[in-house]
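Engineer: So you can see what is in the structure, the chains are spelled out below.
There are 2 protein chains.
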Amino acid sequence: MKKVVAALLLTTCAGAVYAQQALKPEEMIKYRKAGYSFMAWNMGKIKANLEGTYNKEQVIAAANVVAATANSGMGALFGAGTDKDVGGEKTRVKPEFFKEQDKVKELAMAYIKEANELQKVAATGDAAAVKVQFGKTGESCKACHDKFRKD
Amino acid sequence: MKKVVAALLLTTCAGAVYAQQALKPEEMIKYRKAGYSFMAWNMGKIKANLEGTYNKEQVIAAANVVAATANSGMGALFGAGTDKDVGGEKTRVKPEFFKEQDKVKELAMAYIKEANELQKVAATGDAAAVKVQFGKTGESCKACHDKFRKD
Chain R
1 MKKVVAALLL
11 TTCAGAVYAQ
21 QALKPEEMIK
31 YRKAGYSFMA
41 WNMGKIKANL
51 EGTYNKEQVI
61 AAANVVAATA
71 NSGMGALFGA
81 GTDKDVGGEK
91 TRVKPEFFKE
101 QDKVKELAMA
111 YIKEANELQK
121 VAATGDAAAV
131 KVQFGKTGES
141 CKACHDKFRK
151 D
Chain Y
1 MKKVVAALLL
11 TTCAGAVYAQ
21 QALKPEEMIK
31 YRKAGYSFMA
41 WNMGKIKANL
51 EGTYNKEQVI
61 AAANVVAATA
71 NSGMGALFGA
81 GTDKDVGGEK
91 TRVKPEFFKE
101 QDKVKELAMA
111 YIKEANELQK
121 VAATGDAAAV
131 KVQFGKTGES
141 CKACHDKFRK
151 D
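Protein chains in written order, with our numbering: chain R, 1 to 151; chain Y, 1 to 151.
Mixed in with the good hints there might be a few duds.
[To be verified] Each computed DMTMM-like pair below joins lysine to aspartate or glutamate, with the alpha-carbon atoms no more than 25 Å apart:
1) 150/R - 96/Y
2) 105/R - 151/R
3) 47/R - 26/Y
4) 105/R - 26/Y
5) 94/Y - 26/Y
6) 24/Y - 89/R
7) 56/R - 117/Y
8) 90/Y - 57/R
9) 150/R - 26/Y
10) 90/Y - 27/R
11) 136/R - 102/R
12) 84/R - 89/Y
13) 142/R - 85/Y
14) 24/Y - 89/Y
15) 90/R - 27/Y
16) 120/R - 57/Y
17) 56/Y - 126/Y
18) 47/R - 57/Y
19) 99/R - 139/R
20) 142/Y - 139/R
21) 150/R - 27/Y
22) 120/Y - 27/R
23) 105/R - 57/Y
24) 47/Y - 27/R
25) 150/Y - 89/R
26) 33/Y - 151/R
27) 131/R - 106/R
28) 33/Y - 85/R
29) 33/R - 126/Y
30) 33/R - 27/Y
31) 150/Y - 106/R
32) 99/Y - 51/Y
33) 33/Y - 89/R
34) 24/Y - 57/R
35) 84/Y - 89/R
36) 90/R - 89/Y
37) 33/Y - 106/R
38) 56/Y - 117/R
39) 142/Y - 85/Y
These are calculated hints, taken from the structure and not from any lab test.
No experiment lies behind these values; they were computed from the predicted model shown.
Construct the complete structure from the given sequences, taking the supplied hints into account.
Structural biologist: Following this line, the structure appears as C-alpha cells:
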C-alpha cells in the first residue's frame with residue numbers, strides 16, 4: 001500500500017514514471033522534512049515582506065522555492081517504512097496518510113496548484129494579490145497538516 | 001563581522017536590502033541545513049536520471065529546486081551566533097567562513113551561476129549537456145565544501 005501511494009504521487013503530476021533513487025526510509029524522512037522546513041523559511045520570508053517592506057525580488061525568489069518544492073515529486077519520499085520514526089529520524093505523519101490515497105492526492109494537487117499560482121502572482125510584484133494568494137497557499141498547506149500530521 | 005557577511009550575501013545578488021525575519025541562530029542553522037539537504041536530494045535525482053533512464057520532466061523539476069535554492073538568499077542564514085552548534089542544531093561550517101568575505105562571495109556567485117545554467121540546460125532536455133552542467137554545478141558545491149565545511 002505504501003509503495004502504491006508513493007508511486008501514485010510520483011506519477012500524478014507529470015504523468016510519467018521517474019528514475020528512482022535507492023533511499024533508506026530514514027533518508028526519505030530526512031529529505032522530506034528538509035523540503036518542508038526550507039519551504040517554511042521561504043513562506044516566512046514572504047510573510048515578512050507582506051508585513052514589512054515589500055521587496056519584489058525577495059518574494060519572487062521565495063515563491064520560486066515554494067513552487068519548485070511543490071513540483072519536486074516529494075511523494076517519492078513517503079515510501080515503505082517511512083510511516084514511523086526510523087534510524088534516528090522522527091516523523092509526524094499519521095498512519096492515515098498511507099491509507100487514504102484519494103485524499104492525499106486531492107490535497108497534494110490543491111497545494112501544487114496554489115504554489116504555482118503564488119509563483120505567478122509573485123512575478124507581478126502586486127503585493128495585495130500576493131497577500132491573497134499567500135493566504136490560499138498557506139491554507140493548502142494547513143489542509144494537509146490538519147488531516148495527516150500529528151500535533 | 002558575522003553580520004557583515006550575512007548582509008553582504010543578502011545584498012550580493014539582487015542588489016537590494018531585504019525584509020528580515022527575526023530568527024534565532026539555531027533556526028538559521030536548521031533552515032540552511034534543510035536547504036542544502038533538500039537540494040542534495042534533487043541533485044541525487046538528476047544523477048539517477050543521468051545514470052539510468054532519463055526523464056526530462058523530473059530533471060527539470062529537480063533543477064528548478066537547485067536553482068531556486070541557490071537564489072533564495074541563504075546568506076541570511078549565516079548570521080551572528082551560527083558559527084557553532086547552538087540550541088541542539090549542529091553545524092559543520094568552519095570559522096573561516098565568517099572571516100573570508102571575498103572568498104565566500106566568489107564561491108557563492110559561482111554556485112549561483114552554475115545552478116542557473118543547470119536550470120536552463122535542463123529545460124532543453126539534452127541529457128549530454130545536462131551531464132556536463134551537472135558536473136560543473138557539483139564542482140561549485142564542492143569548492144565551498146572543501147574550503148568552508150568541516151569533515
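Engineer: Check the structure against each numbered hint from earlier and tell me which ones fail, lowest number first.
Structural biologist: 1, 4, 8, 13, 18, 20, 22, 29, 31, 32 and 37
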